[in-house]
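Q: Given the coordinates of chain A, work out where chain B should sit on it, guided by the hints.
From first to last, the protein sequence lines are chains A and B. If you're matching positions, the first sequence starts at 206 in my numbering and goes up one per residue. If you're matching positions, the second sequence starts at 102 in my numbering and goes up one per residue.
Hints in this document: simulated from the structure, not taken from any laboratory. Heads up, a few of these hints could be off.
[Claimed, not checked] Taking lysine-lysine and the DSS-like style, the derived pairs with C-alpha atoms no more than 25 angstroms apart in a straight line are: (1) A/Lys-266 with A/Lys-409; (2) A/Lys-399 with B/Lys-630; (3) B/Lys-630 with A/Lys-259; (4) B/Lys-386 with B/Lys-630; (5) A/Lys-409 with A/Lys-274; (6) A/Lys-409 with A/Lys-259.
[Claimed, not checked] Some residues of chain A that are not near chain B, with every Cβ distance over 10 angstroms (derived): (7) Gly-263; (8) Ser-296; (9) Lys-318; (10) Gly-337; (11) Arg-396; (12) Tyr-397; (13) Gly-420; (14) Gln-422; (15) Ala-461.
Just so you know, these numbers come straight off a predicted model, no measurement behind them. Glycine is no exception: its CB is placed at the ideal position from the N, C-alpha and C atoms.
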Amino acid sequence: MHLVVCAKQIPDPETPPAAFRIDAAKNEVIPAQGIAPVLSPFDAQAAEAALRIKEQSGDGKVTVISLGKESAQAAIKQVLAMGADEGVLLSADEFQGGDSYTTAHALAAAVKKLGDVDAVFCGRQAADWDMGQVGLGIAEELGWPSAIIAKDVKADGGGFIVQRVLADGFETVKMAGPAVITVSNELGDPRYPKLQQIMQAARKTVTTWTPADLGLQASELGAAGSRLKLEKLFQPPAGGDVQIMEGDTPAEQAKALAQALRDAKLI
Amino acid sequence: MVGGWWSPAVGLSGIGLIAALEVERTDAGREIFFNVQQPWAVYVFMASLVGLLVYGFGRHAGLWLLGRPTPGVGLFPRHRARNALRLGLGQEKIRRDRYAGIMHWCIFSSIIVLTFVTAQVALDADLSIHFLQGNYYLFFSFYGDLFGVIGLVGVGMALNRRYFDSYRRLRWDERLEDHLILWGLALILLSGFAVEALRIGASELAEHEAWARWSFASYGIAKLVEVFEFRDGQLLGAHTWAWWGHIVVAFSWLGLVVFTKLDHLFFAPANAYLLRTDAPGRLTKIENIEEREVFGVGQVQDFTWKQLFELDACVRCGRCTSVCPANLAGQPLSPMQLIQDLKAHLADVGPELQRVGHAGGDQRAVSPVAMVGDVIKDETLWACRTCGACVQECPVLIEHVPTIVDMRRYLVMDEARVPATAQAALENIEVRGHPWRGTTLTRESWMEGLEDVPAFDGSQEYLYWVGCSGALVERNLPITRSVFKLLREAGTSFGVLGQEETCNGDPARRLGNEYLYQILAQQLVETFKAKNVQRVITNCPHCFNTFKNEYPQFDGRFEVLHHTEFLAQALTDNRLRPQHRIDSSVTYHDSCYLGRLNGVYDAPRQILEFLPGAAVQEMERSRSRGLCCGAGGGNMWQEEVGDRRVNHVRAEEAVGTGAASVVSNCPFCIQMFEDGIPAIQPEEEGRMRAFDIAELLDQAVFGPAGAGAGGGGSDR
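Excised from the complex, chain A in its bound form (with noise of 0.2 angstroms):
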């Protein structure tokens, strides 16, 4: 059984506010001194669903494929850590700049290009942009089923049963593959990897594929094949405002937020 993770590497969700800095003029997030990129964490139980239906399975393989720079070598390799069998990058300029639709269009090429593949696992959404396209779009550019937002994803013969998380409970549903599902952090911590994975992993190459690897055209990807703009990217001013309700006992207190609340229509 062949499965791919699909591994985005973002600027770190956990940047303290204070150190995060947009440049208004050019529209793009500047990258936080001293504050490395890290693999979007949803992207890391992908592989961890992964992982473990290579171990239900016995004699799976497990490649990582990332889209991004150079530096997004260390996501892939961080999966490849956790057990991953192989990893691809993306990676040209003519990738970069790209939206959901544009990175779907190269993942789903590079799938084709493994060929042998029963499922691509993906993030719920990627931590910076939180735009959670992506998986479907695979999806409809193989015409594969997708589940999204999975919890828990077992082998089942050569389709997969899938339990996804809906707003208001649970959802269990059979699928044939080839799939793409994509997994929420409700499938809980992914792998704390063996010292000695790390090192493996370590010493693994990764193999880098271009556009032209792929049969893509320059104006299919990235900013030149974008079908999303962005029109503009601020940061609201930070502030606050406090107001302590009066009151002689909790109780009292408690009474006036209410009523606030009540004024302010919040409630």
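A: Same frame as chain A, now just chain B:
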């Protein structure tokens, strides 16, 4: 070296010696093997005992040699010999419990002197050098009896503690051998006196009563026996029985050395010789970590032979467990049990490991159980605070902490079995360079409102190392500001690294991720060298210990001061002048990594003396007996398992002094107290407050308004 403990006995012996020299010259003496038939049987006993000892220790040695080589054990032989004398023979640690110290000294000195007495008898008889004569015979009779009495006093104290005292730790793992050893010793001494008294009664009393008086105790007994007017034949018959009884009991007891904790007679001084010669706060470096097959200790043969050897030195006295913070809080760690469990496991799997080793088989497949996981539970290993209290107390010099950390290394690096919260801290260190997941602060947040915080550029004398906890935890920012302001007020030439600071690896190393630690340490040593760092002042005792004791393993040698050391010196030199009154009672909490592991007890107390109006109330557990706050060894980032939290135990002790505030020197301790005190004092009014000592000094130097508020300077 052995202290004043020998003085009374030596003094008494001296008086005896002078008296013996002063009396008229005499031809006193006695017949060796008086009234004993077939005395050669003694030599059969002797030969069997030697055979038994050789066989027994040979078996032990075979098990020790399963271990890996012990690095550095051949170095510093003089230092080690001093340790063997001071800590082994001098028994410095035993005296930390006064009662046990006196008791043990009595038994120990008695056995040493009486062995010497017996050896003289043997020499006299076997080599036919007849020196047990004349005035020396009188003196010999005197000190023989004196140390017999001393031995009985010791045994009496031991019997009292074992049977009549409500002394808990002796009963945690009480075994048959504990009773046998004690009663056996009592029997040896009593039968010795019986032999002597009966011999005197049957011969000397009638012939040379003046000589007999020198054996004062036996003489007294002989006089008592005399009252009953036994016939000479009866006394001689009894003497024969007593003599053989004494011999049989004595040799049997010595035989116990091979099978029981009595082996500490040899192993304790030897273990003192093998004791580490470097800083107690330093953990071993795994050399060439990338080439190792097993990173930590997962099976007994992964330990060094010294680590296996010291398992045999344990006498189950329970001192380690009685001071262990985890154990005091009812958490699943007893250092004594851990050592005993490992010892039992070694005995279980050792012989098979030896066999497989000789046959060239796979030793890793031998043990039917997992040493780490089954024999020693994961939660036991995680409960350790690495505070070193057990190591400090152990009278036979066992080093529990490195052994525990070695097994943690196995859990983390080989098995990747880590509690979720500790894993989060480790991952955070790896990804973000600090253990404080989710902090909203940056490494420069504390500088807000302070003017001209100088960046370290290599030209200043000191690097002020703020540390992750000093910069990224809200509670600690005032401490960092206070230290900063005081350094500036004292006219110090210093700078800070700001965003360039990164975790120095201490939590990773204590949690068992040596690999991560080594990467961080190597990077930081390079950074320090590139920036020409020579002297470092740290906020945090853990950073202090790491830079001072562990970075030399990575060729990073810097002069490292904890802020309390620097500030105490600045006060002594009159570079800081505390003028504002504190007028409050404080109690001082020794952090383990500054106190016990680095011996800095006085500098912080000196600072307290400089604070006008501060009344210091010491806690019962203080200085080298200080109790951990609960955060050490990476427990800052772990969920506690057990009856209580360690910080609640310690907060209770602090509150118990009645002081208005508890003062420490470590950001972790402060956080633990801030969290623990409200659990002990739910009412906010009159609640004890927790401060770093720098915060109090800040108040005393700049006045209450300026304290920690980031006012940026003096109010003068």
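Q: Which numbered hints turn out to be false for this structure?
A: Checked against the structure, the hints that fail are numbers 2, 3, 11, 12, while the rest are satisfied.
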